[in-house]
Amino acid sequence: MTKNLRVKSSEYIDETNRISFKFNGKIYHGFKGDTLASALLANDVHLVGRSFKYHRPRGIMTSGSEEPNAIVQINPGTNRTEPNVRATEVEIYEGLEASSQNCWPSVEFDIGGINNFLSPFFPAGFYYKTFMWPASFWEKYEFFIRHSAGLGKSPTSSDPDIYDHRNVHCDVLVVGAGISGIMAAKNAAKNNFKTLLVEEKNELGGSTIFENNEFNKIDNKSPSEWLKKEIEELKSIKNLEIKTRTSVAAYHQYNYLLARENLTDHLEAKDKINKIRQRLLKIRAKKVILATGALERPLIFNNNDRPGIMLSSAVKKYSEFFGVACGSKNIFFTNNDSAYEGALSLFNKGINVEAIIDIREQSESKIVKKVKEAGIKIYWSHSIVDTTGYKRLNSVSIMKLSNDGTSVTGNKISISCDCLGVAGGWTPAVHLYTQSGSKLKFDEEKKVFLPNKNTSEQISIGSCNGDFKLDEIFNNIKKKIKEMLNINITDFDNIKVENDQENSKRNIWLLPSDKTLGKTKPFVDYQNDATAKDIKLALREGFRSIEHVKRYTTTGMGTDQGKLGNMHALGIIADTAGVKMGELGTTTFRPPYTPLTFGTIVGRNVGKFFDIFRRTPMNDWHVENKAEFENVGQWKRAWYYPINGETMHQAVQRESKAARESAGILDASTLGKIDIQGSDASEFLNRVYTNAWSKLAIGKCRYGLMLNEDGMVYDDGVTTRLGENHYIMSTTTGGAANVLGKLEDYLQTEWPELDVYLTSVTDHYATVSLCGPNSKKILKKIIPDLDLSDENFPHMSFKETNIGNIQCRIMRISFTGEHSYEINVQASYGKDLWEKCMQAGNEFNITPYGTETMHLLRAEKGFIIVGQDTDGTMTPIDLQMDWIVSKKKYDFIGKRSLYRSDTMREDRKQLVGLLTDDPNIILEEGAQIVSKLNQNPVEMLGHVTSSYFSPNLNKSIALAVVRGGKDMMGKKLFVPMEDKNINVTVANPVFYDEKNERLNA
Amino acid sequence: MFLINCPYCGERDQQEFKAGGEAHIERPKQPTELSDDEWAEYLFMRKNIKGVQFERWNHAHGCRKWFNMVRDTSSDEIKAIYKMGEKPPSQ
Amino acid sequence: MRNKYSVFSLIKNALSYHENWQRAWKDPAPKKEYDAVIVGGGGHGLATAYYLAKKHNMNNIAVVEKGWIGGGNTGRNTTIIRSNYLWDASAGLYDHALKIWEGLSQELNYNVMFSQRGVMNLAHNLQDVRDLKRRTHANRLNGIDAVYLSTEEVKKFCPIINTSPDIRYPVLGGTLQRRAGTARHDAVAWGYARGADAMGVDIIQNCEVKGIKRNGDSVEGIETTKGFIKTKKVGVVAAGHSSVIANMAGLRLPLESKPLQALVSEPVKPIIDTVVMSNAVHAYVSQSDKGELVIGAGTDDYVSYTQKGSHQIVEGTLNAILELYPIFSRMRMLRQWGGIVDICPDASPILSKTSIKGLYFNCGWGTGGFKATPGSGDLFAHTIANDEPHKLNAAFNLNRFVSGDLVDEHGAAAVAH
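Protein chains in written order, with the numbering used here: chain A, 1 to 1001; chain B, 1 to 91; chain C, 1 to 417.
Hints were generated in silico from the structure; no laboratory data involved. A couple of the hints might just be wrong.
Unchecked claim - Calculated lysine to any residue pairs in the SDA-like style (CA-CA distance at most 25 Å, straight line): (1) A:Lys742 with B:Gln30; (2) A:Lys895 with B:Arg46; (3) A:Lys895 with C:Asn399; (4) C:Lys290 with C:Asp300; (5) B:Lys29 with C:Asn399; (6) C:Lys26 with A:Leu584; (7) A:Lys626 with A:Lys287; (8) A:Lys742 with B:Arg12; (9) A:Lys980 with C:Thr151; (10) B:Lys83 with A:Asn738; (11) A:Lys194 with B:Tyr42; (12) A:Lys861 with A:Phe949; (13) B:Lys79 with A:Asp745; (14) A:Lys287 with A:Asn452; (15) B:Lys79 with A:Thr434; (16) C:Lys269 with A:Gly113; (17) A:Lys895 with B:His24; (18) A:Lys194 with B:Asn5; (19) A:Lys287 with A:Leu450; (20) A:Lys286 with B:His59; (21) A:Lys895 with B:Glu38; (22) A:Lys447 with A:Lys286; (23) A:Lys742 with B:Tyr42; (24) A:Lys626 with A:Ala827; (25) B:Lys50 with C:Gly67; (26) A:Lys286 with B:Glu77; (27) A:Lys287 with A:Glu230.
Unchecked claim - Cβ pair distances, simulated, as ranges: (28) C:Ser403 with A:Asn988: 25 to 33 Å; (29) B:Lys29 with C:Lys357: 29 to 37 Å; (30) A:Gln880 with B:Leu3: 47 to 55 Å; (31) A:Ser222 with C:Asp301: 54 to 62 Å; (32) C:Ser218 with B:Glu38: 20 to 28 Å; (33) C:Asn386 with B:Thr32: 37 to 45 Å.
Please read all numbers here as calculations on a predicted model, not as lab measurements. Beta carbons are placed, not taken as given, at the ideal position from N, Cα and C, and that holds for glycine.
Work out the full structure: start from the sequences and follow the hints.
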């Protein structure tokens, strides 16, 4: 029978709504409003997990997102499982299951716990010093290291949930809805600023709504009462949007922030279905108000990590907010007055508070007096030197602290207890502040880093600005808000605030023990088991910078990113090295503030939305006719059209033959098309292509090659002169966007004097390429009125005409070497045109062919494909395309680079044809070419760029780039494969119809 | 994530833009007159300044216009934006 | 004599509560003069110093570091090590490094945790397939252990990859280099520092170079925040800040320094036991020994020295990660960060003399320098000691940008990780 530690009814817990959940397979009960942590504590469960390195039993330390220890696997074994979830952040719901991590067979009995006894051999960085012998064994050592490391388990099935993004633009973003954030948001919105207030938790008010210090008053009311009224008023304010369960993860420059809104994690499984789980808010705020609060620090003493040892503020929150006592025999250990609030909270509910151990000599504040009056024993100037209890704290040992705080004296007193609330002061949560690029300064008196120099329009208010007392908070908020929003009055100008005067705290980063440090375990980073000893060891070994120490000891590298221990690490380094903390600097706070789900970052961009599909107007026809598709850039292109169970090879052979013997049809709509107009269009083309354009007659087409400024082939295509000042350029499918970008760049930045306008019209036209000896007859059937004679419509010319009443542009150009037309119509008529061609071609057995056949046919003709036969290292000369490089033109893009010492070398790699001695062997594209076998090292001359079995030549053919290849015609070379060497002969790359007779056939 | 004030469209998010490297490297008017060294200087050598840099940006997913930006590369602070052909602001 | 690290020294020191460990390296003030000074205390710089001392008997040398050693790209990269590069020059360079990696822990007596868990590169379109096959054939003939894998073999080697033909960019195949893998980045810097220090090299941290003093065309020394240091040889290994140092000597380099980002997830039990890289969709992932998924994002397109990149780059990378590994959707990003990478136009490094006598540059590694650390240090030490490049780094000279003899590694890898 587990104990019930509910101590009072809380307005935040709905005791009428009882919820059952499972932890480590056992059923427990909690109430609506509980977190997993509060529900477990109510059931007297403290042991929740095991630590990373030593597998020490660990419990719940905090009540928030800074929790280092109580991290669990949620819903194990389901497709909604999640590792490393903080029990302090999980709102329970009916059916929730959670289990401990990093333990086997169970959290109660964990084999890995043996590491705790071996810990003397596992100091910081031990792995750098060992596992080196024998050398070959590292893999085996590593296997064990890897399997003992890691915390929870990755999901192993797809995520059933949906994620979303929303862009938010606001005048004022307020981060954190504690008292400061609420005041700021209210004033901003009331002054007509479009305001967004985000809060990590599911309720507003921060710690003020469960404030129990009766000496703090706002307008003579308790702060919680006052704030609840303010919260009520927020609801009716226009211009204010409030997002709870929303955690700001990152604060980038230019006030760009990312926040994760949690929408369904607190719902039962049935209510999660088909809903958005998390939404990423991409916020661009004109002004940012950070009211992120402060995190309580622990104290660093021997064995300060046992289940039952918690932050005092957490003990108070569990008691006041969740109505749960964390223990039945409680002790507090403190260096400031905060712990007294926790003690009073429990005392007032009749829970036993055994003692308060205070390292200070005294405190005169009212709340301390109140505790004294309550009869709670206070040990002044005492420190805890040890604790006992393996799976649950059962006692602490205390001794008198010396005046300088470096040692303990006198008798050791042991006090039994089951919960210890630790209060080490407060650390302003400046994580987001520094992420924005803003700079901190160290306040030696308060021992905190505080905002100093802002890089964007932002302010920090409340305790994240180091203002811990109500009067400080109110005064600073009023002043800063007026300044930022440029207003004269706020709602809070005349409010009367009283607060208890706290005595200054006594700060000791590492508390002494009666044992030497070497024999103690004062944890600084709980999750990663980094102790003060480890930090000192790192310093001893010469690691001086905080970043070195952090990396060597892994302090601050856990899932909590050192939210609790980083300040102590810095303090211990400063003390040990004898430097001031301000001079040490702080470690970088890297985004995100709390871990951010990949799914949330990705949002909707999964599956088919990972990238857009571009499909041609004829796509449906290809699908209906069972085409296989190839991805080319974002396009889906028909690759080949298998019929009757053909293999790809069979289909391509059939398509290739049909195209040469009768007629083939290709969807060429994906080729880039750029409309070029303006009185300097010809001059522009002269500058961007290697060949000359001024003399191209209207109605004629010309092939062009475009280089990069470094002389390497960049793109190619046919450009047609439509009018005196009007051209249409075609580009490769993959290169279209880049070509347009490059041309615009030159036009706008280098040649602004040219009167030229560029427009992408790729998507405006559908293009049908009709080829083969019967293509003319087919076109004639479609457009009977058009004179297709060679005189009227020769190769490399253009006609603008109509098919019915549909306007079309026809170019007689060829990429296959056959008599061929490219017919362009407005995209919406693409499918009609295609079907018309199919119908007209039926009697000629017109055969649709895909990209693979197109590649084969052009290879037979020795035509290059940029990107396949070139790789950014080929000049036109290397391609043996000297004919296209104008010697007369003064300049064109890339010309100068062709005349550098290396680009002019004769023994560069050059494009050649390659024939296998055995005509049935098809070379592998990418295979390397050598001239000598049995050479070591092998000298590679080049590689096969394109290779096919040509059904029209009935042998295999290949294109290749070979060093000095243009002078190797007829030379025997080898292609060495894994299992054999293939004998090849260098050949003319034009394998078929060298005289281009078929173009006019 | 910068907020860039396109001189033609106004403030837009960085993801609409593409950076185009150092500005005011004029393409030589007579490339053939240059030595290989001088050509390499134009083609590849860059100041790559840590500090205030003059650079080119393109509103690629917007108006497609190129413009110039003055930005401190050590802080990413955008100091000025001006159109192509306009005189660069003095530092 | 310093402690030798071993399991025995660990046990011995445990008895004295680890209070007798020696410093891994000293913290000396700079001397007035050195035979050579290395600017930049990252992995490459420290390795250079180590090999200068070890192989070239140059012990009167120093490494000056602006911040703390290993704090730049050495400590910020995703630690992928491989040598399956396309061109002979690159393959020679990176495989030289890989061979040193294979015995580095023993050589340094410092466990750099070089883990040969294999690196897979995936193909997502037909041109990727051609490119990867081309690279694999070239690797094989260069004696590098790369093999081409079918989609089924990819799935077998890394079962969590989504190899369904129905995804947006299906996996059409891949390559595998089994000798490739990862190492512990910090350990590389620390191990070389400790080794160099033991041979008398001064490692001077928090010492920023402010100027390079020349006498005509020769180097005379460097101005630093810790005063003037006289030396006739300066080897600059300053990664993202190479152009800044070059500028002090009146040189310009073909470099642009851009932000490169990376991220890790929260640690989980082993789920992926190899390194998988996909250029086409841009997703690189491995799992550290600690259990974190280590994910490399891409570079931004603008020059920046802030070590911060834009969110769209991280988002784009995770889009690709979830495309290939939908099971990671509920994993969480724990930490993201940026580095400054110096990128050459041909995606290959510079290990070269300069027009100034005694001034040497080792830079331009872009996004992929970590893997070369030991080889780069060894070859750069050779170049500095002999005032001549080794044959393995001869191709990576500065003159290639003038002659046009580039080593273009873009062709087979859009990003040369």
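**Asked** Okay, which hints does this one fail, numbers in order?
**Response** 4, 7, 11 and 22
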